[in-house]
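Per the working numbering, the sequence shown starts with residue 1, numbered consecutively.
Everything labelled a hint here was simulated from the structure, so no lab data went into it.
Hints may be right or wrong, so weigh each one.
[Unchecked claim] Simulated DEER-style distance windows between Cβ atoms: (1) Arg122 <-> Pro97: 25 to 33 angstroms; (2) Ile46 <-> Gly99: 31 to 39 angstroms; (3) Phe26 <-> His79: 15 to 23 angstroms.
The structure displayed is predicted, hence computed values, not measured ones.
Quick reminder that beta carbons are idealized off the backbone N, C-alpha and C, glycines included.
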Amino acid sequence: MRLPVDDEIYNVDAVWLGPPGKTLPFRARYVSYAIGTLIFVLLQIIERRLGIGVGFFSLAYSLLATAGLTRPVLAFVDHDRPVISVVQSFINEVTAPRGDDFASTKGLQPQRVEAVPLRLPRHGRRGRRHDASY
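Given only the sequences and the hints, what does the whole structure look like? Please build it.
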């Protein structure tokens with residue numbers, strides 16, 4: 001038996017439709033504009049650090065890269081998982097303490113191993129049973 005969900009309010013995306021008859025040629029959520037702007041600014045900073053000057057082609061490639069990077073980033077973001085929680089979970093994953101990746105192994109040389117005689121427990125101590133049947 002399947003029960004209907006009561007989240008009809010979330011079926012509507014928060015998008016800017018624009019004035020009647022003059023909408024944008026694409027539908028984008030409000031958060032995509034903010035994330036796209038942030039990615040574009042970061043790409044511009046990286047380009048300047050690499051010594052790439054400001055020009056038509058560098059800006060065009062940055063816009064294409066921004067559009068290409070914004071889509072996969074926003075694949076993780078929805079109304080149940082906002083941007084802040086995605087960023088916080090990424091930070092938690094990166095800074096989480098990790099165990100040792102390399103197991104320490106030691107090789108034993110058989111000629112250097114000494115045999116230790118087996119010590120049997122004494123049953124005559126106080127508080128222990130003296131018979132062998134438990």
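Hint check:
A beta carbon spacing of about 45 angstroms between Arg122 and Pro97 contradicts the range 25 to 33 angstroms that was offered as a hint. Hint check: Ile46 to Gly99, Cβ distance near 33 angstroms, so the stated range 31 to 39 angstroms holds. Look at Phe26 against His79: about 20 angstroms separates their beta carbons, and that is inside 15 to 23 angstroms.
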